[in-house]
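Asker: Taken in order, these protein sequences are the chains called G and R.
Numbering that gives the first Met the number 0 applies: residue 0 is where the first sequence begins, and numbers increase by one.
Numbering that gives the first Met the number 0 applies: residue 0 is where the second sequence begins, and numbers increase by one.
By construction, these hints were calculated from the structure, which means they are not laboratory data.
A few of these clues could be false.
Cβ pair distances, simulated, as ranges [what the hints assert, rightly or not]:
(1) G/Y26 <-> R/A169: 41 to 49 Å
(2) R/D64 <-> G/E75: 35 to 43 Å
(3) G/T145 <-> R/E78: 28 to 36 Å
(4) G/A101 <-> R/S82: 48 to 56 Å
(5) G/E15 <-> R/E78: 28 to 36 Å
(6) G/A100 <-> R/D64: 41 to 49 Å
(7) G/N87 <-> R/Q12: 35 to 43 Å
(8) G/N183 <-> R/N126: 13 to 21 Å
(9) R/L59 <-> G/E75: 35 to 43 Å
(10) R/G34 <-> G/G51: 47 to 55 Å
(11) R/S46 <-> G/G90: 43 to 51 Å
Which bits of chain R does chain G cover? Going by a derived footprint, with three or more residues having C-beta under 8 Å, they are [to be verified]:
(12) 114 to 127
(13) 130 to 144
(14) 158 to 169
Built from N, CA and C at the ideal position, the CB exists for glycine as well.
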Amino acid sequence: MIENATPTVNTNADIEWLRQLGYGLRYSRSSTRKWQLCLLDGPNMSNLGVGGRDPRNFGTISSLGALHASMTAFVEGIGASLETYQSNHEGAIVGRIYEVAADTDAFIFNPAGLSKYGVPCVQALVDSGRPYVEVHFANTAALGWTGGTAPIRHAAASVMGLRNHGYVAALYGLINALDDGIFNETVS
Amino acid sequence: MTVDPLASAQPVQLRRGTRRWVVELIDGPNMRHLGKRDPRLFGTIQSIEALQALVVNFGLVLGVDVRPFVSDYEGELLEHIHSTATTADAYLIDAGGLTTVSEAMRHALQETRKPVVEVGFYNLLANDEVSVFTPTAIASSTGFRQYSYLGGLLGLVLSLDDESFLHPDAAESLTARRGGTPYTFNSK
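Hey, can you work out the whole structure from these sequences and the hints?
Answerer: Set out below in structure tokens:
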């Protein structure tokens, strides 16, 4: 049996702090472009925090809503725009990717339960023509899968192992990389 | 052109934590020759000094000490890790040409019992490179070129500040991983 841990990131103050952090880092960017980013969380992520996901993997963030609200605040603070989405249904994520691709500059994708076999989502992301960053709360390399996760070969970048803080790392790296135009030549 | 947007930044309190973490930044073989390396993988950054200054200055913005070290010699890297093990709070490493082979460097890092974040300019698995470091590192941040280092450092610092995760003085708990070993669904 997995014990529950006390949730920590769940107040408006936590979310406002991330907005301030984003705002404080705004001047470190080399551009002021308001990139349109789309964050996709895969199956089981709706169970974060009080839903009971294993705290040894996922830490003490209180809920998916808290995660998405704090990342939206961080991105707004740094001067870009974030849309968030989660589904436990692979087909819904596939549909969402095609739906938002035209209005999206880059995706941040946590495949979660689709990490090993989520090929339809990978094809949709490749079809979108937009770069994507693969993120994970846990270090998936420690699972020892040959060749890594399904999305990794087509991902522009990846951040894993830093729990919810890894999303901040991924968003900061992504926004700076977009500002610098580094994915323009590498996107497949 | 690569500019260093952080060169004139003044230290400000962006974090909730106040500890001035010591982060050892280690670059392995070939990274010393940045500027002469393949621009398709490493972009336009002109030198290792420019890279180290970028990361050190970002550390100043966040209020932490980043201590850079680079060597083309595996033995020097090992001795540097041995001699910093007690003073470092964490390691940010890009093993360069040793990424896929150096069990010795991986062992040295593991024996520091400090969190290690692996960073890299490009997505290793997309280039058919399997890092020996990732499975035992707490985290990785790759694919954003030099911004992988900045995103990795930001995520690492927030994780060190987090008393439910990497903070070295935090009490033993379900979620604390202050020794830096990753947890996965395969862990016992």
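Asker: That 13 to 21 Å hint for G/N183 and R/N126 (C-beta), does it hold up?
Answerer: holds (18 Å)
Asker: Holds or violated: the 28 to 36 Å window for the beta-carbon distance between G/T145 and R/E78?
Answerer: Given about 33 Å between the Cβ atoms, the range holds.
Asker: Confirm or reject the claim that G/Y26 and R/A169 have a C-beta distance inside 41 to 49 Å.
Answerer: violated (32 Å)
Asker: Can you tell me whether the CB distance of R/S46 to G/G90 sits inside 43 to 51 Å?
Answerer: holds (48 Å)
Asker: For R/G34 and G/G51, compare the CB-CB distance with the range 47 to 55 Å and indicate the outcome.
Answerer: Roughly 50 Å apart at Cβ, these two residues keep to the hinted range, so it holds.
Asker: Falls inside 41 to 49 Å, the C-beta gap from G/A100 to R/D64?
Answerer: At 42 Å between Cβs, range holds.
Asker: Determine whether the Cβ-Cβ distance between R/L59 and G/E75 falls within the hinted range of 35 to 43 Å.
Answerer: violated (25 Å)
Asker: Taking beta carbons only, do three or more residues of the segment 130 to 144 of chain R come closer than 8 Å to chain G?
Answerer: holds (count 13)
Asker: How about the segment 158 to 169 of chain R: do at least three of its residues have a C-beta closer than 8 Å to a C-beta of chain G?
Answerer: holds (count 4)
Asker: Evaluate the given range 35 to 43 Å for the C-beta pair formed by R/D64 and G/E75.
Answerer: Given a distance of about 30 Å, which is not inside 35 to 43 Å, the answer is violated.
Asker: May I ask you to test the hint 35 to 43 Å on the CB atoms belonging to G/N87 and R/Q12?
Answerer: Holds, since G/N87 and R/Q12 (Cβ atoms, about 39 Å apart) stay within the stated range.
Asker: Look at the Cβ atoms of G/A101 and R/S82 and judge whether their distance stays inside 48 to 56 Å.
Answerer: holds (54 Å)
Violated hints, in rising order: 1, 2, 5 and 9; the structure is consistent with all others.
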